[in-house]
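Chemist: Sequence:
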Amino acid sequence: MAEHVLTGTHGLLTVREWPHERPRYLALVVHGYGEHVGRYEELAQVLVAHGAAVFGPDHTGHGKSAGERVLIEDFEDVVTDVHAVADLARAAHPGVPLVLVGHSMGGLIAARFAQRYGSELAALVLSGPVIGAWELPGTLLALDEIPDTPVSPASLSRDPEVGAAYRADPLVWHGPMKRPTVEAFARTLETVSQGGDVGPLPLLWLHGDDDRLVPLAGSRVGVEGIRGGTFTERTYAGARHEVFHETNKAEVFADVTDFLDGVLTG
Numbered sequence: 001m002a003e004h005v006l007t008g009t010h011g012l013l014t015v016r017e018w019p020h021e022r023p024r025y026l027a028l029v030v031h032g033y034g035e036h037v038g039r040y041e042e043l044a045q046v047l048v049a050h051g052a053a054v055f056g057p058d059h060t061g062h063g064k065s066a067g068e069r070v071l072i073e074d075f076e077d078v079v080t081d082v083h084a085v086a087d088l089a090r091a092a093h094p095g096v097p098l099v100l101v102g103h104s105m106g107g108l109i110a111a112r113f114a115q116r117y118g119s120e121l122a123a124l125v126l127s128g129p130v131i132g133a134w135e136l137p138g139t140l141l142a143l144d145e146i147p148d149t150p151v152s153p154a155s156l157s158r159d160p161e162v163g164a165a166y167r168a169d170p171l172v173w174h175g176p177m178k179r180p181t182v183e184a185f186a187r188t189l190e191t192v193s194q195g196g197d198v199g200p201l202p203l204l205w206l207h208g209d210d211d212r213l214v215p216l217a218g219s220r221v222g223v224e225g226i227r228g229g230t231f232t233e234r235t236y237a238g239a240r241h242e243v244f245h246e247t248n249k250a251e252v253f254a255d256v257t258d259f260l261d262g263v264l265t266g
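Residue numbering for the sequence shown follows the UniProt record's numbering, starting at 1 and increasing by one per position.
Just so you know, the hints here were simulated from the structure itself, not pulled from any lab data.
Computed from a predicted model, the values in this text were never measured in an experiment.
Hints are not guaranteed to be accurate.
Said to hold, decoys possible - Simulated pairs of lysine to any residue, SDA-like, Cα-Cα distance not exceeding 25 Å: (1) LYS64 x ASP210; (2) LYS249 x ASP159; (3) LYS64 x ALA86; (4) LYS178 x ARG167; (5) LYS64 x VAL198; (6) LYS249 x GLU17; (7) LYS178 x PRO153; (8) LYS178 x SER152; (9) LYS249 x ALA165; (10) LYS64 x ASP87; (11) LYS249 x GLN45; (12) LYS64 x ARG24; (13) LYS64 x PRO170; (14) LYS64 x ARG90; (15) LYS249 x SER155; (16) LYS178 x ASP159; (17) LYS249 x GLY163; (18) LYS249 x ARG90; (19) LYS178 x LEU213; (20) LYS64 x ALA142; (21) LYS249 x ARG167; (22) LYS249 x ALA154; (23) LYS249 x ALA92; (24) LYS64 x VAL182; (25) LYS249 x GLU161; (26) LYS178 x ALA66; (27) LYS64 x ARG220; (28) LYS64 x GLY95; (29) LYS178 x PRO147; (30) LYS178 x THR7; (31) LYS64 x THR149; (32) LYS249 x VAL182; (33) LYS178 x THR80.
To be verified - Computed spacing ranges between beta-carbons, pair by pair: (34) GLU161 x ARG22: 22 to 28 Å; (35) ASP77 x PRO150: 23 to 29 Å; (36) ALA66 x ALA2: 16 to 22 Å; (37) ARG24 x ALA164: 34 to 40 Å; (38) LEU6 x ARG69: 38 to 44 Å.
Each residue gets a CB set at the ideal place from its N, CA and C atoms; glycine is no exception.
Whenever a hint applies, use it, and build me the whole structure from the sequences.
Modeler: If you want it as structure tokens, here you go:
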């Protein structure tokens, strides 16, 4: 694994690369709220073994990147940052197809990226994406003060080790959400809902049916709004929010690589 430092819209961004000498595709991993791309080590290894060079930034205010912790005032800037990472990947491997994989908040960023730069992508994979009817921002913004209730580690996966590692991870934010970030979520949910579908771009949607952080029914509204002509859905019985860390993750990884095989050979 290598690390790069890019100048983002709000300071320096740390980008991880899981290299491949002669990749058949590039995979750009877009992490979720409060976490960092290092939590996607296993997914990255699966994709490298499948023939990808994998890249992923820590977003502004997250992980090893600069900025006040978990402060995102405009997700359009984060999309611009992710596009800079795409440019870095393509400079290393010109002409190689690019696939975007976004989880949770990263799904919101990836969906918006596809609306802005969809012609640059070969495929879009959304895992537990924050799109559509997500009620949390409205609930929090109605309060005078946002409560200090961090993400429950048990909501991430049925595997207790996942929650324990999350709780102990110093690069994960364990404090309250910040009002400007919640306001940015609300605005960008609206932007994506009005931003049109992704046209012919192949889209794979992954979701646990016991996801309490980003409930499946709310995301479905958003996915229906952006899906174009080539759409694949995989919902997993009993799975919680992080399907890449779930007890059935081998099945999830196989669904991703099968989908990408179909895209790349099709």
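Chemist: State for each hint whether it applies.
Modeler: Verification of the hints:
no.	hint	result
1	LYS64 x ASP210	violated (31 Å)
2	LYS249 x ASP159	holds (10 Å)
3	LYS64 x ALA86	holds (19 Å)
4	LYS178 x ARG167	holds (20 Å)
5	LYS64 x VAL198	violated (31 Å)
6	LYS249 x GLU17	holds (22 Å)
7	LYS178 x PRO153	holds (19 Å)
8	LYS178 x SER152	holds (17 Å)
9	LYS249 x ALA165	holds (17 Å)
10	LYS64 x ASP87	holds (20 Å)
11	LYS249 x GLN45	holds (13 Å)
12	LYS64 x ARG24	violated (29 Å)
13	LYS64 x PRO170	holds (10 Å)
14	LYS64 x ARG90	holds (23 Å)
15	LYS249 x SER155	holds (16 Å)
16	LYS178 x ASP159	violated (29 Å)
17	LYS249 x GLY163	holds (15 Å)
18	LYS249 x ARG90	violated (29 Å)
19	LYS178 x LEU213	holds (17 Å)
20	LYS64 x ALA142	violated (32 Å)
21	LYS249 x ARG167	holds (20 Å)
22	LYS249 x ALA154	holds (16 Å)
23	LYS249 x ALA92	violated (30 Å)
24	LYS64 x VAL182	holds (22 Å)
25	LYS249 x GLU161	holds (14 Å)
26	LYS178 x ALA66	holds (17 Å)
27	LYS64 x ARG220	violated (32 Å)
28	LYS64 x GLY95	violated (29 Å)
29	LYS178 x PRO147	holds (10 Å)
30	LYS178 x THR7	holds (24 Å)
31	LYS64 x THR149	holds (23 Å)
32	LYS249 x VAL182	violated (30 Å)
33	LYS178 x THR80	holds (21 Å)
34	GLU161 x ARG22: 22 to 28 Å	violated (35 Å)
35	ASP77 x PRO150: 23 to 29 Å	holds (25 Å)
36	ALA66 x ALA2: 16 to 22 Å	holds (19 Å)
37	ARG24 x ALA164: 34 to 40 Å	holds (36 Å)
38	LEU6 x ARG69: 38 to 44 Å	violated (19 Å)
Of the numbered hints listed earlier, those contradicted by the structure are 1, 5, 12, 16, 18, 20, 23, 27, 28, 32, 34, 38.
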